[in-house]
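Heads up: the sequence lines are chains A and B, in that order.
So the mapping is simple: the working numbering equals the position in the first sequence, first residue as 1, plus 126.
So the mapping is simple: the working numbering equals the position in the second sequence, first residue as 1, plus 126.
These are calculated hints, taken from the structure and not from any lab test.
Quick caveat: nothing in here was measured; it's all calculated off a predicted structure.
All C-beta atoms in this analysis are idealised placements derived from N, C-alpha and C, irrespective of residue type, glycine included.
Hints may be right or wrong, so weigh each one.
[Claimed, not checked] Here are some of the chain B residues that sit facing chain A, going by a computed Cβ distance under 10 Å:
1) 152
2) 153
3) 157
4) 161
5) 163
6) 164
7) 181
8) 191
9) 278
10) 300
11) 454
12) 487
13) 498
14) 504
15) 521
[To be verified] What the simulated footprint calls covered on chain B by chain A, stretch by stretch (three residues with Cβ under 8 Å from a Cβ of chain A suffice, anywhere in the stretch; the number is not a length):
16) 285 to 295
17) 322 to 333
18) 510 to 517
Number of protein chains: 2
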Amino acid sequence: MASPSQENNNKLLIRVSELFKSLQKKLYSKVGNIVEKAKEVAKDDPRRIIHSLKVGLALTLVSLFYYFKPLYDGFGVNAMWAVLTVVVVFEFSVGATLGKGINRMLATLTGGFLAVGAHRIATLSGRTGEPIFIAIFVFVIASTVTFMRFFPSLKTRCDYGLSIFILTFSLISVSGYRDNEVLHMAHQRVSTIIIGTCTAIIVCISICPVWVGEELHNLVSSNMEKLGNFLEAFGCEYFQLFECGKSDHDNSFLHGYKSVLDSKNSEETMANLARWEPGHGGFKFGHPWKQYLKIGTLTRQCAYKIESLQCQLKYSKIQTSLGLQRKIQETCVKVSTESGKALKELALTTKNMTQSKSSNANIANLIKAVENLKTLLRISRWEEAIPLEIIPLATIASILMEVVKCIENISEVVHELAFTAHFKCVDATVSPEQSCLFNQGTIQPIATMNIEKHEDIALAE
Amino acid sequence: MASPSQENNNKLLIRVSELFKSLQKKLYSKVGNIVEKAKEVAKDDPRRIIHSLKVGLALTLVSLFYYFKPLYDGFGVNAMWAVLTVVVVFEFSVGATLGKGINRMLATLTGGFLAVGAHRIATLSGRTGEPIFIAIFVFVIASTVTFMRFFPSLKTRCDYGLSIFILTFSLISVSGYRDNEVLHMAHQRVSTIIIGTCTAIIVCISICPVWVGEELHNLVSSNMEKLGNFLEAFGCEYFQLFECGKSDHDNSFLHGYKSVLDSKNSEETMANLARWEPGHGGFKFGHPWKQYLKIGTLTRQCAYKIESLQCQLKYSKIQTSLGLQRKIQETCVKVSTESGKALKELALTTKNMTQSKSSNANIANLIKAVENLKTLLRISRWEEAIPLEIIPLATIASILMEVVKCIENISEVVHELAFTAHFKCVDATVSPEQSCLFNQGTIQPIATMNIEKHEDIALAE
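Kindly produce the complete structure, drawing on both the sequences and the hints.
Printed below as a string of structure tokens:
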């Protein structure tokens, strides 16, 4: 038999090993979770892995500054500014990296220049006056420039530059009155920052570059496509609703449009950054990025209306009905489907940067469908109608007519974009001059002509 | 008579003076414009001026590091990290400054610690192996941490911290293999950054602090108020429309709700930053900021519906009508006005952090109004109705009923907030225990009880 103390020891050992095992298990599950998450993040956008490796590469390249003695002797401790610059400036997209890099270089140059000037003025005032002058300069410049950061026009373009300006000015002018190598220090800071920025920009552009302009282009067209998908599906979904009581096909794309509702912020940021990018692919420098914001705004307005349609889909349970109700329902489905097609065609026009005649054909079909709906609503009569029963259908008809107005506006702005960005014409049956005539403003797009005319009639009634 | 050359000289002088004058004029107008803009920016939010002065003050304070010799001797060139930290960390709100500051301090500490470790391991591998090891370490750590910045949970909380981590790690481990004072450098960097951060935080909190939590609180309640204003005005506006054909009062607040549509991004940023703030005013540390996001989401959903109402106001020109039409119109106006009142009361509850019985009374009135509308729509009959004529009114009635559903949801979430954040009860006529009973979940808010019941009836019909 084992002694009691030995038994206790054994028990303790078992407990410790159990604790260890449970800890190990927890650790494994934690690591497993992190790996799962990492896989998800990478799967969402595989370019993220490339970006991470690019940052690692750029930093390793810049750290050569410390390694090669001749370079190190030239720049000294200031070489660390190059490392710092790479970390701070290197962003996911070329536009962001260029914007930050150029901002940083210009701000460092002007800030350094001004600081050297401030230092010269301060030294003229003698040993005691110098620090007082410097303190006043720093206070005034820092306060003024910080206030300037609130100006909307400066905020969008050079917020980062202004903060770097304050930084450089204070660093150089303040450190200046300790050692008198102000000019030398300013020169070193500027050159190391230029080297760091250039390293970041070169690595960013040369290895699998992510162009923010292209992202914006794709975002705007995919947003239109999402709305188009909804409208196409809405027709079928609604038809099924009153055909068999419930829907049985996958309706996930009925919710795809939700992301469009909150797209304003990212679109604006992208458009601001895209302006920094040089020409790439089909986009020249000076591509009309602002036009995308216009399309974005109109797409969002359309999305708000679609949100109302989706509410109807959620709440109104319309049973199979006959006569006028059914006729209106069928016409609404037609309008919805044609709206979806027209929007998807506009999305395709934008995405491929090519204009085709089918875009106009789609809009002509849409106009025909909406005209049919209006005629039907105008000439028929509801006899002994109970308002509460009619309301869901009336609401859907009304919102669909507004959606068509929105699509007309979107079509106009897309055609404006096609004109300013010189989209290609791809109609084999029509000569390029003919198919792109409205591109030059001589022929009004069909959408504008017809809908306006019909609207006037409809509204007057 | 003057000689020709003298005449030429005179002409030149006149031209130069004219050029000078026009330049002066242009300069004056430019300066005037800038001053105008600055006034506007300052008027929009006078706290911007105070913030700018605060930044100036903090920078001047930190520059004392260079001025006082004992301090300067202690920290040397590294004292500039303090200046840099103040510029980078000092933000408009306390939450943002604290978030960045704490991120920066923790990241510098951990990054420095790891870099010292990496340096020790690298030195073990001898003179030639050292730089290779260091380069590998920098590449691996920079790539991994850059990838981690894409994790959504890390992105919202410590994106800045991760970038500072990379920065500190590379700076210290890379600079380490040139001079062997790694530990000394790490210590200096950490302490100067702590000093800079503390200066920024102390100045930010002690002089007219801007609490981002309070901003969020005000934004969310003012958004509800804006929607309330619209709904109150919509009733009158619409009533006027069919009363006298056109509206003649100022309808600027009919557009105030537009800003609510795009508020998602700023609300989320604010809620993230608010978590960093210590208790202040009526807000304790750990105030349920996430609850505000819920209110914000529902408010936006309501705003989308209001956007549809606004469309109706813009397009449908309803003439004075009699009979059933008029009855429905009047009931709609009543629902709209009551909705506005209820929303404004909820906004007031949130803003003042006090609960009153009038909030429930308002919602009871709203329920009564919407019930009246539904009864009217249920029991009446349209005889020989032309669909196109009924549609605008039917749409408004339908959207208004959806708006009421939204307000019910908002009311629920506001009451949840009142419960979790312990809002005060301010009913003189009712005992505090009684008026706040539903606060503890024992009594369901009137809104929830009645509307649910009525909804079921209405939807079944």
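Violating hint indices (sorted, rising): Violated hints (numbers, rising): 1, 2, 3, 4, 12, 13 and 17; every other hint is consistent with the structure.
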